[in-house]
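Undergrad: Sequence:
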Amino acid sequence: MIQGVLYHPRTNLLATNILLCQCGSNLFIEKYSASKLRGINLITLCPSKYINVIVGNNNAGKTSLLEGIYYCSTLKSFKGVSPDTLIQNNKNTLKILLNVVKSSDNISIYTEKSLNSTNTVKINEKRATMKSLMLTLPCIALSFGVENIIMQPSEQRRSFVDWGAFHVEPSHLYNLKNYNKSLKQRNSLLKKQDRSGLEYWTKEVCKQGLLVHEQRAEYFNNLNDQFKGYIDKLIKIDAGAYADIKNTVIMYKQGWDNSESLISALTTSYSKDLVMKYTTVGPHRADILFFSNGADLKNISSMSTQIIVSLLLVLSQAEVFHVKHGVRPIILIDDLFFGIDDKNLRLVINLLVGSKTQCFITAPDLYKEKIESLGKATAEVKLYEFIDGELREGS
Numbered sequence: 001m002i003q004g005v006l007y008h009p010r011t012n013l014l015a016t017n018i019l020l021c022q023c024g025s026n027l028f029i030e031k032y033s034a035s036k037l038r039g040i041n042l043i044t045l046c047p048s049k050y051i052n053v054i055v056g057n058n059n060a061g062k063t064s065l066l067e068g069i070y071y072c073s074t075l076k077s078f079k080g081v082s083p084d085t086l087i088q089n090n091k092n093t094l095k096i097l098l099n100v101v102k103s104s105d106n107i108s109i110y111t112e113k114s115l116n117s118t119n120t121v122k123i124n125e126k127r128a129t130m131k132s133l134m135l136t137l138p139c140i141a142l143s144f145g146v147e148n149i150i151m152q153p154s155e156q157r158r159s160f161v162d163w164g165a166f167h168v169e170p171s172h173l174y175n176l177k178n179y180n181k182s183l184k185q186r187n188s189l190l191k192k193q194d195r196s197g198l199e200y201w202t203k204e205v206c207k208q209g210l211l212v213h214e215q216r217a218e219y220f221n222n223l224n225d226q227f228k229g230y231i232d233k234l235i236k237i238d239a240g241a242y243a244d245i246k247n248t249v250i251m252y253k254q255g256w257d258n259s260e261s262l263i264s265a266l267t268t269s270y271s272k273d274l275v276m277k278y279t280t281v282g283p284h285r286a287d288i289l290f291f292s293n294g295a296d297l298k299n300i301s302s303m304s305t306q307i308i309v310s311l312l313l314v315l316s317q318a319e320v321f322h323v324k325h326g327v328r329p330i331i332l333i334d335d336l337f338f339g340i341d342d343k344n345l346r347l348v349i350n351l352l353v354g355s356k357t358q359c360f361i362t363a364p365d366l367y368k369e370k371i372e373s374l375g376k377a378t379a380e381v382k383l384y385e386f387i388d389g390e391l392r393e394g395s
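The sequence shown lines up with residues 1 to 395 when you count with my numbering.
Simulated from the structure, these hints should not be mistaken for lab results.
It cannot be assumed that every hint is accurate.
[What the hints assert, rightly or not] DSBU-like mimics (lysine-lysine), calculated; alpha carbons at most 35 Å apart, straight line:
1) Lys272 to Lys343
2) Lys228 to Lys298
3) Lys122 to Lys246
4) Lys184 to Lys370
5) Lys253 to Lys181
6) Lys203 to Lys272
7) Lys91 to Lys272
8) Lys253 to Lys324
9) Lys126 to Lys233
10) Lys191 to Lys76
11) Lys102 to Lys122
12) Lys228 to Lys79
13) Lys131 to Lys298
14) Lys76 to Lys126
15) Lys76 to Lys49
16) Lys102 to Lys126
17) Lys177 to Lys79
18) Lys277 to Lys102
19) Lys253 to Lys233
20) Lys236 to Lys272
21) Lys192 to Lys382
22) Lys246 to Lys236
23) Lys102 to Lys228
24) Lys207 to Lys177
25) Lys236 to Lys382
26) Lys236 to Lys102
27) Lys49 to Lys233
28) Lys207 to Lys181
29) Lys79 to Lys207
30) Lys126 to Lys356
31) Lys370 to Lys246
32) Lys91 to Lys102
Model the full assembly from the supplied sequences, consistent with the hints where possible.
TA: Below, the structure written as structure tokens:
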């Protein structure tokens, strides 16, 4: 049984347990402790620096474990729900402590979320902001299965690009906020049919939108280069991989006609926008498109193919991050194995191990035996299982 006391960082009691890794991923969680995290009363684990697979029944706590890590990076839930829902029912306070190794530094991240008081966020015992958390503990979190990134709404893919663009150029977050504010003002005028300020706010939408678009487009070019490289790696790992995977390409849709400037597109759509009562073109309509042999991948591919392609996109993003910062972000994947066939299961593990990234993955317990066999074949895979509300480490 993997449980223990949740220590406050002021005690420094966990610091003695940190061991620096001299190889592999140079950003990883060395120790993870949480108290009152949804159905998890108290938990402490020392995960692998590589692949950590958490299995168990539905509602056992698998996803909550991942959300706790993500909360320490963003102060949000990657499931799109209120962070208040992370607090255990009939309890007032959630506490999470992470001991992180980043290059040669030991870092403690402590978050305390309460229903009735101000939240506490600390990095190395000093008050911290959400932005500093994102920069200190970069995490990529995705749900697969029917919620894979190919099948999700376009705003999820925009968020994916924005996360990457922010970590290449932190000013992207500021530019995106300004664009959204300008867009909100323009949409408000359109909704009220108030034309008096439309010219000004159209120019503001264009000005701020171009900054957002340029940073997104530059980031996507880097992402696409890495994605092509991962397709090549996949073919080397498994020459017999499905053809629709091997032939997948990604494209960036900017949100307006490529033949027009943004101001021209906004001018052209003016009458339509008045009728629709919102702005119909611009960076808020951007998207990532997936094609294989000229066909839209979401219309022709199996869920197994979609999951592999989604994984390749995530690993490509991690590699862009590594090129920029010299470390790789932590990857959190919920329900990775849902809908995946046996042919692709070993391919997934090989890709993840080869990524040299610390990964936390949830899976139904029906995959336990397969994961155990893979774990015996490589020391990089560590298995955990929720049994009767307790998290146990596999043998």
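Undergrad: Kindly indicate which numbered hints from before are broken by the structure, ordering the numbers from low to high.
TA: 1, 3, 4, 7, 9, 18, 20, 21
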